[in-house]
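K.L.:
The primary structure of each chain is shown beneath.
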Amino acid sequence: MSQLEVKNISKAFGGVKAIDNFSFAVGQHDIVGIIGPNGAGKTTAFNLLTGVYPLDSGQVLLNGTDISKLPQHEIARAGMARTFQNIRLFRGLSVLENVMTAADPYSPYNLLDVLFYSSRKRHNEEAARKQGSEYLKIVGLEGYENERPESLPYGLQRKLEIARALATNPKVLLLDEPAAGLNPSEVREFIELVKRLHKQFDFSIIIIEHRLEVIMELSSQIFVLNFGKLLASGTPSEVVGNKAVTEAYLGEEDESCLI
Amino acid sequence: MEYILSTLTFTGISLIGVLGVYLVTGLTGLFSFGQAAFLAIGAYVSAVLVKNFAVSLPLAAIIAMLTGLLAGLVVGVPTVRLRRDYISLVTFGFGEAIIATLNNSTNITGGATGLSGVPQYTNFWVVLVTVIICLAIVIGYKHSKYGRQCLALRSDELAAKAMGINVERLKLITFLIASVMTSFAGVLYVFYTSYVEPGAFGWVVSAEWTIIVFVGGINSLTGAVAASILLTGLPEMLRFASEWRIIIYCVIVLLIINFRPTGIFGENELSLRRIKQFIRKGAKAA
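Listed in order, the protein sequences are those of chains A and B. With my numbering applied, the first sequence covers 691 to 949. With my numbering applied, the second sequence covers 11 to 296.
Rather than coming from a laboratory, the hints here were simulated on the basis of the structure. Bear in mind that the values here come from a model prediction, so they are computed numbers and not experimental data. Certain hints may be false.
In silico lysine-lysine, DSBU-like type, Cα no more than 30 Å apart, as pairs [to be verified]: (1) B/Lys152 <-> B/Lys286; (2) A/Lys889 <-> A/Lys697; (3) B/Lys152 <-> A/Lys827; (4) A/Lys933 <-> A/Lys759; (5) B/Lys152 <-> A/Lys820; (6) B/Lys286 <-> A/Lys820; (7) A/Lys820 <-> A/Lys861; (8) A/Lys707 <-> A/Lys919; (9) A/Lys707 <-> A/Lys889.
Short derived list, chain B residues pointing at chain A, Cβ under 8 Å [said to hold, decoys possible]: (10) Gly150; (11) Ala172; (12) Gly174.
Using N, Cα and C, we set each Cβ at its ideal position, and we do this for glycine too.
Using the sequences and the hints given, assemble the complete structure.
P.N.:
Okay, here's the thing in structure tokens:
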């Protein structure tokens with residue numbers, strides 16, 4: 691059974707069909723890529739999967755259950771975690787707290803524990819702190835716990851976004867242009883990080899990315915979006931050889947637009 | 011001495027209101043311009059119960075807080091779904107509606123002439139203990155999963171939802187805690203002054219509390235406490251120059267907004283560790 695099955699989802703904004711009858715599936719413990727020229731609807735697809743916008747039609751099945759009607763936070767709790775193309779970390783919280791916050795909805799203490807400073811609160815806070823540091827360590831942000839996220843360099847902010855998504859304990863991890871703005875050595879490091887995470891955890895990963903080396907090396911399947919429609923799909927080598935894909939990219943975009 | 015104690019008592023009562031605003035505005039980023047109405051609810055409900063129905067004070071206080079909770083639910087449940095600017099409008103309307111109701115139900119509340127002859131049960135020490143308890147609650151709340159999630163949703167609601175945070179529920183919980191706390195401050199208020207009138211709880215008071223939180227630094231609890239002692243104590247201290255009071259008050263607020271737009275303490279908390287760091291830095295510079 692597929693971990694995530696997206697069936698014929700559509701979304702129109704006014705007259706523009708941002709996503710038009712898009713279907714794809716992600717196997718258990720798999721990595722897939724979504725590519726497409728700018729404005730093809732890739733981020734909109736992520737926003738639809740995570741419930742930022744309601745679907746016009748279609749279904750999103752996570753391990754066989756339809757999650758598309760749930761409110762956004764419940765979709766996240768069901769196991770859809772994501773990072774953002776334009777980094778959206780929580781200002782006003784430290785790096786560690788950013789990660790802890792993602793696990794907070796599941797922390798098993800309540801308001802009474804807070805009001806009476808109970809030991810249950812203390813233990814759980816302690817555990818959350820430890821767990822948060824653990825996630826920071828996994829992505830390589832050890833030692834930055836008490837920094838402010840906005841003071842981190844760009845590449846580290848991207849890593850923090852991933853650590854925060856990990857802390858939600860996802861079943862499917864959606865990475866929206868995670869390598870944008872990284873230099874070549876950081877891109878290399880990022881690819882290794884994703885491989886490591888995939889080995890260590892039992893989730894599937896969907897990556898939107900313009901850097902072809904990232905997509906080609908990581909994904910087992912690639913879905914190409916153009917004008918909100920599925921243009922082609924297949925293994926990396928199949929997609930690269932696909933004439934329609936090349937046209938969609940090179941027919942109207944130059945290299946600088948692909949970043 | 012008497013005078014200083016009474017100034018401190020009023021400062022303490024409004025400090026509780028400010029703590030409520032700190033939870034709602036400082037932590038959660040919502041603007042409530044009806045917070046003072048909860049002070050009115052607490053004051054009137056408990057005073058009427060004790061005076062007209064001979065209910066014992068503790069029971070009256072509990073009923074007053076429950077009424078505050080109920081009012082908080084009535085305002086909160088529909089508004090937490092709204093955009094932030096609408097929340098300010100709705101709470102503003104709610105506050106003024108409460109005042110209007112108090113003004114017009116003359117046979118119960120005494121209308122605009124107010125309710126007098128309430129026995130004086132509270133004193134400075136009761137207020138002080140309450141302030142300490144409220145402070146402990148707010149500190150505990152801020153340093154819990156609730157406080158963290160509030161700060162997260164204040165910073166980025168979309169990202170907060172994407173992390174599984176139930177934004178609406180958290181806003182409501184925070185708002186309700188503030189409502190109950192402020193209602194209790196109202197109980198303390200009426201049994202201290204032994205007199206209430208609706209005019210004392212208008213939006214001006216709510217706005218003043220919001221100003222205090224901003225002057226102290228939006229994310230800083232110690233800042234809110236310091237600013238509230240400064241800004242509620244100050245008008246009292248300046249009473250001798252009564253014509254100049256409002257002007258001096260405004261000038262101070264303007265100066266702070268101009269030269270320290272993040273408030274006196276900004277995002278920081280005042281703690282022993284920070285003071286030590288500061289002194290060490292100063293020593294190094296010298």
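K.L.:
Check the hint pairing A/Lys933 with A/Lys759 against an upper bound of 30 Å on the C-alpha distance.
P.N.:
37 Å, violated
K.L.:
Let me know if the C-beta of B/Ala172 comes in closer than 8 Å to any C-beta of chain A, holds or violated.
P.N.:
With Cβ-Cβ at 6 Å, under 8 Å, it holds.
K.L.:
Does A/Lys827 sit within 30 Å of B/Lys152, going by the straight-line distance between their CA atoms?
P.N.:
26 Å, holds
K.L.:
If you draw a straight line from the CA of B/Lys152 to the CA of A/Lys820, is it 30 Å or shorter?
P.N.:
Satisfied, since the Cα-Cα distance of roughly 19 Å is no more than 30 Å.
K.L.:
Would you mind confirming whether the straight-line C-alpha gap from A/Lys889 to A/Lys697 stays at or under 30 Å?
P.N.:
28 Å, holds
K.L.:
Does A/Lys820 lie within 30 Å of B/Lys286 when you go C-alpha to C-alpha?
P.N.:
Between B/Lys286 and A/Lys820 the Cα gap is close to 28 Å, so the pair holds against 30 Å.
K.L.:
Would you check whether B/Gly174 satisfies its interface hint, that is, whether its CB is within less than 8 Å of any CB in chain A?
P.N.:
4 Å, holds
K.L.:
Would you mind confirming whether the straight-line C-alpha gap from A/Lys707 to A/Lys889 stays at or under 30 Å?
P.N.:
37 Å, violated
K.L.:
Does B/Gly150 meet its interface restraint, that is, does its C-beta lie within less than 8 Å of any C-beta in chain A?
P.N.:
Holds, because the Cβ-Cβ distance from B/Gly150 to chain A comes to roughly 5 Å (cut-off 8 Å).
K.L.:
Is the straight-line distance between the alpha-carbon of A/Lys707 and that of A/Lys919 30 Å or less?
P.N.:
Within the cut-off at roughly 9 Å; holds.
K.L.:
Assess, step by step, whether the Cα of A/Lys820 is no farther than 30 Å from the Cα of A/Lys861, and give holds or violated.
P.N.:
Given pair A/Lys820, A/Lys861 holds - Cα atoms ~22 Å apart, limit 30 Å.
K.L.:
Need the status of pair B/Lys152, B/Lys286: alpha-carbon distance at most 30 Å?
P.N.:
The hint holds at about 23 Å.
Checked against the numbered hints above, the structure breaks hints 4, 9 and satisfies the rest.
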